[in-house]
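Chemist: With the hints as constraints, model all of the structure from the sequences given.
Residue numbering for the sequence shown follows the numbering used here, starting at 122 and increasing by one per position.
Since the hints were derived computationally from the structure, they do not count as laboratory data.
A few of these clues could be false.
Unchecked claim - The calculated PhoX-like cross-link candidates involving lysine-lysine, where the alpha carbons are at most 25 Å apart (straight line), are:
| hint | residue 1 | residue 2 |
| --- | --- | --- |
| 1 | LYS514 | LYS501 |
| 2 | LYS229 | LYS443 |
| 3 | LYS598 | LYS310 |
| 4 | LYS146 | LYS229 |
| 5 | LYS392 | LYS371 |
| 6 | LYS191 | LYS350 |
| 7 | LYS143 | LYS501 |
| 8 | LYS229 | LYS357 |
| 9 | LYS394 | LYS143 |
| 10 | LYS191 | LYS179 |
| 11 | LYS360 | LYS350 |
| 12 | LYS146 | LYS175 |
| 13 | LYS357 | LYS326 |
| 14 | LYS203 | LYS539 |
| 15 | LYS394 | LYS241 |
| 16 | LYS209 | LYS514 |
| 17 | LYS501 | LYS209 |
| 18 | LYS191 | LYS175 |
| 19 | LYS175 | LYS200 |
| 20 | LYS200 | LYS179 |
| 21 | LYS209 | LYS539 |
| 22 | LYS378 | LYS358 |
| 23 | LYS326 | LYS358 |
| 24 | LYS203 | LYS143 |
| 25 | LYS143 | LYS179 |
| 26 | LYS203 | LYS501 |
| 27 | LYS490 | LYS241 |
| 28 | LYS539 | LYS443 |
Claimed, not checked - Quick list of the computed label-pair ranges, beta carbon to beta carbon:
| hint | residue 1 | residue 2 | range |
| --- | --- | --- | --- |
| 29 | GLN315 | LYS278 | 16 to 24 Å |
| 30 | GLU204 | SER372 | 46 to 54 Å |
| 31 | ARG244 | ASP491 | 38 to 46 Å |
| 32 | GLU312 | LEU345 | 28 to 36 Å |
| 33 | SER190 | SER270 | 50 to 58 Å |
| 34 | GLU312 | ALA439 | 50 to 58 Å |
| 35 | GLN287 | ASP491 | 40 to 48 Å |
| 36 | ASN368 | VAL207 | 36 to 44 Å |
| 37 | GLU402 | HIS316 | 20 to 28 Å |
| 38 | GLU533 | VAL207 | 52 to 60 Å |
| 39 | GLU312 | ASP581 | 31 to 39 Å |
| 40 | SER305 | ASN147 | 51 to 59 Å |
The model shown is predicted, which means the values in this text are computed figures rather than measured ones.
Glycine included, each C-beta is placed from N, C-alpha and C at the ideal position.
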Amino acid sequence: MLGFLFLIWTCIFFVFLLVRIKRPKNFPPGPPPLPLFGNLLQMDMADPLKDFEKFAEKYGNIFSLYTGSKPYVFLNSFKVIKEALVTKAQDFSGRPQDCMVSHLSENKGVILVDYGRGWKDHRRFALMTLRNFGLGKESMEERILEEISHLVADLDKNAGGTINPQNMFHNVASNVISLVLFGSRFDYKTEILQHYVQYITEISKILNGPWNLIYDTLPLLRILPLPFKKAFDNAKKLKNMNAILINEHKSTRVPGKPRDFIDCYLDELEKRKNDGSTFSEDQLIMYILDLHFAGTDTTSNTLLTAFLYLMTHTEVQAKCQKEIDEVLEGKDHASYEERHNMPYTLAVIHEVQRVANTVPLSVFHCTTKDTELMGYSIPKGTLIIPNLTTVLKEEGQWKFPHEFNPDNFLNEQGQFEKPEAFIPFSTGPRVCLGEGLARMELFLVFVTLLRRFQFLWPDDAGEPDFTPVYGITMTPKPYRMHIRRRETDNNKS
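Modeler: And the structure:
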């Protein structure tokens with residue numbers, strides 16, 4: 122019996138030797154990975170950010186972890202991230218292509234597509250089209266303000282009462298990006314908007330949970346009907362909805378007179394149809410989904426964070442309202458240009474973005490060739506994670522790195538000043554496409570609502586909990602807000 126047990130343990134030992142994971146030569150350090158599992162058992166999958174912080178303290182600003190046999194390299198300071206994503210941008214601008222999120226996108230669109238001609242063509246087109254459709258100009262402002270007017274009408278009906286703002290901000294952000302993409306908004310109760318939001322939310326939950334890790338770590342299980350299949354089913358439904366919207370545009374468009382992003386793309390597709398371009402209707406379907414997802418979740422979660430902090434920091438809310446009232450005296454609404462006259466309000470919005478940490482690990486990158494970073498060797502195809510969480514609260518980069526304080530963005534004269542380490546939209550060639558739209562949207566929603574309403578923490582709501590729910594995008598825990606109309610001259614008129 123003893124000999125049999127010895128034989129079993131010897132076999133197990135040799136199996137572990139065969140499947141043990143070896144770090145490449147001069148690879149960034151990290152905790153020893155276990156065979157088959159890598160470092161998965163050493164992390165809290167519900168919220169691994171604190172574990173990443175501990176690993177950075179132990180192993181330095183560049184460390185590596187394994188999920189299964191797949192290595193991930195984490196970048197944990199502004200200096201390291203800037204070196205990789207800006208100075209050595211070409212080496213670090215790829216996207217990983219054998220994981221669940223890349224399979225959902227089918228290597229199409231613009232956010233998750235790998236570095237190359239297709240990505241360059243589509244990014245250039247998106248930047249040009251967004252600019253031509255008035256990003257930063259009055260036409261885009263008018264669209265956003267029109268959408269905010271629907272939000273104000275809903276809040277007016279609930280003034281004096283308490284509401285749950287989760288869906289409210291999500292619907293607004295979804296409609297703003299819909300105006301850009303489709304040229305129209307959807308009623309908040311319409312089926313298409315509710316389904317779009319529902320499918321995207323369900324995909325996010327799966328990507329944020331253990332089934333995403335199981336899919337990426339154990340490829341053999343991908344053929345089984347496990348819960349991650351729901352993400353692919355929802356992606357298919359969203360693509361079908363986009364295809365219907367594209368077909369509607371094709372039947373009503375006037376070539377050369379685009380009404381929205383889809384029309385612009387169809388015009389471009391027509392121009393390029395015989396030159397072997399990377400443009401296609403399949404690309405457009407995913408392109409729309411990319412931009413809609415990116416333009417909805419991040420903005421709505423930032424707004425949710427903003428009003429959580431405004432309700433619990435009443436002196437900050439009051440100071441913003443005083444500045445807004447003074448600057449907008451006698452005007453019907455704010456314009457984006459007036460941000461330059463509102464240094465304190467602008468500082469608060471940026472501080473909200475900093476503490477919200479909406480996309481904590483950015484969008485994953487991948488090395489496009491064998492390269493080096495801070496003395497370490499990084500092989501081609503290595504998955505790179507810029508840990509923006511560490512940068513947005515990095516000692517030495519912020520006056521008050523661990524607390525909510527608008528002074529992080531104000532100089533001694535009270536003027537707005539943005540530190541270089543403020544990179545919630547990432548940095549380098551892969552910086553968020555919708556940064557300009559998000560900034561405008563946040564400012565106009567923030568100023569319009571604070572000018573008209575006062576937002577209060579409900580008396581029966583207990584103590585506020587600022588701990589966010591971890592995910593691809595961080596979101597505050599559900600909360601309620603009490604709304605009260607402000608008695609300003611503008612609101613009386």
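Chemist: Would you mind marking each hint as holding or not holding in the structure?
Modeler: Hint by hint, here is what the structure shows:
1. Pair hint LYS514 plus LYS501 does not hold up; C-alpha atoms about 30 Å apart against a cutoff of 25 Å.
2. At roughly 47 Å between alpha-carbon atoms, LYS229 and LYS443 are farther apart than 25 Å, so this suggested pair is violated.
3. Between the alpha carbons of LYS598 and LYS310 the distance comes to roughly 24 Å, so the proposed pair stays at or under 25 Å and holds.
4. Among the hinted pairs, LYS146 with LYS229 is inconsistent with the structure: their alpha-carbon atoms are about 34 Å apart, more than 25 Å.
5. Between LYS392 and LYS371 the alpha-carbon distance is near 15 Å, which keeps this suggested pair within the 25 Å criterion.
6. Pair hint LYS191 plus LYS350 holds up; C-alpha atoms about 22 Å apart against a cutoff of 25 Å.
7. For a cut-off of 25 Å, the pair hint linking LYS143 to LYS501 stands: about 16 Å separates their Cα positions.
8. Straight-line distance between C-alpha atoms of LYS229 and LYS357 comes to about 14 Å, which keeps the hinted pair within the 25 Å bound.
9. A threshold of 25 Å between alpha carbons decides the hint, and for LYS394 with LYS143 the separation of about 48 Å lies outside it, so the pair is violated.
10. Among the hinted pairs, LYS191 with LYS179 is consistent with the structure: their alpha-carbon atoms are about 21 Å apart, no more than 25 Å.
11. For the suggested pair LYS360 and LYS350, the alpha carbons sit about 15 Å apart, so the restraint of at most 25 Å is met.
12. A distance of roughly 24 Å separates the Cα atoms of LYS146 and LYS175; the hinted pair therefore holds under the 25 Å criterion.
13. The suggested pairing of LYS357 with LYS326 holds, with an alpha-carbon distance near 17 Å, which does not exceed 25 Å.
14. A hinted pair counts as satisfied when its Cα atoms are at most 25 Å apart, and LYS203 with LYS539 qualifies at roughly 16 Å.
15. Proximity of LYS394 to LYS241 is assessed by CA-CA distance (about 18 Å); at most 25 Å being required, the pair is judged to hold.
16. Distance hint between LYS209 and LYS514 is fulfilled; the C-alpha atoms sit about 24 Å from each other, no more than 25 Å.
17. With a CA separation close to 13 Å, the supplied pair LYS501 and LYS209 stays within the 25 Å bound.
18. About 21 Å separates the Cα atoms of LYS191 and LYS175, which keeps this hinted pair within 25 Å; it holds.
19. Straight-line distance between C-alpha atoms of LYS175 and LYS200 comes to about 19 Å, which keeps the hinted pair within the 25 Å bound.
20. Pair hint LYS200 plus LYS179 holds up; C-alpha atoms about 18 Å apart against a cutoff of 25 Å.
21. The hinted pair formed by LYS209 and LYS539 meets the criterion: a straight-line CA distance of about 24 Å does not exceed 25 Å.
22. For the given pair, LYS378 sits about 30 Å from LYS358 by alpha-carbon distance, which is inconsistent with the 25 Å threshold.
23. Of the supplied pair hints, the one linking LYS326 and LYS358 holds, its CA atoms being roughly 17 Å apart against a limit of 25 Å.
24. Taking the CA atoms of LYS203 and LYS143, the gap is near 28 Å; set against the 25 Å cutoff, the hint is violated.
25. Between the alpha carbons of LYS143 and LYS179 the distance comes to roughly 20 Å, so the proposed pair stays at or under 25 Å and holds.
26. With a C-alpha separation of about 19 Å, the suggested pair LYS203 and LYS501 falls inside the 25 Å cut-off, and the hint holds.
27. About 18 Å separates the Cα atoms of LYS490 and LYS241, which keeps this hinted pair within 25 Å; it holds.
28. Annotation: proposed proximity of LYS539 to LYS443 holds, straight-line Cα distance about 22 Å (limit 25 Å).
29. Against the hinted window of 16 to 24 Å, the Cβ-Cβ separation of GLN315 and LYS278 comes to about 19 Å, which satisfies the hint.
30. At roughly 50 Å, the beta-carbon separation of GLU204 and SER372 lies within the given 46 to 54 Å, and the hint holds.
31. Against the hinted window of 38 to 46 Å, the Cβ-Cβ separation of ARG244 and ASP491 comes to about 25 Å, which falls outside the hint.
32. Remark: the range hint 28 to 36 Å for GLU312 to LEU345 is upheld by a beta-carbon distance near 32 Å.
33. As the Cβ distance of SER190 to SER270 is approximately 54 Å, the hint placing it in 50 to 58 Å holds.
34. Against the hinted window of 50 to 58 Å, the Cβ-Cβ separation of GLU312 and ALA439 comes to about 41 Å, which falls outside the hint.
35. For the pair GLN287 and ASP491, the supplied restraint of 40 to 48 Å holds, since their beta-carbon distance comes to about 45 Å.
36. The supplied range of 36 to 44 Å is met by ASN368 and VAL207, whose beta-carbon atoms lie about 41 Å from each other.
37. Take GLU402 and HIS316: their Cβ atoms lie about 21 Å apart, and the range 20 to 28 Å holds.
38. Look at GLU533 against VAL207: about 29 Å separates their beta carbons, and that is not inside 52 to 60 Å.
39. Between GLU312 and ASP581 the Cβ separation comes to about 34 Å, which falls inside the hinted range of 31 to 39 Å.
40. Range check, SER305 to ASN147: Cβ separation about 55 Å, and the 51 to 59 Å hint holds.
Comparing the model with each earlier hint shows violations of hints 1, 2, 4, 9, 22, 24, 31, 34, 38; every other hint is respected.
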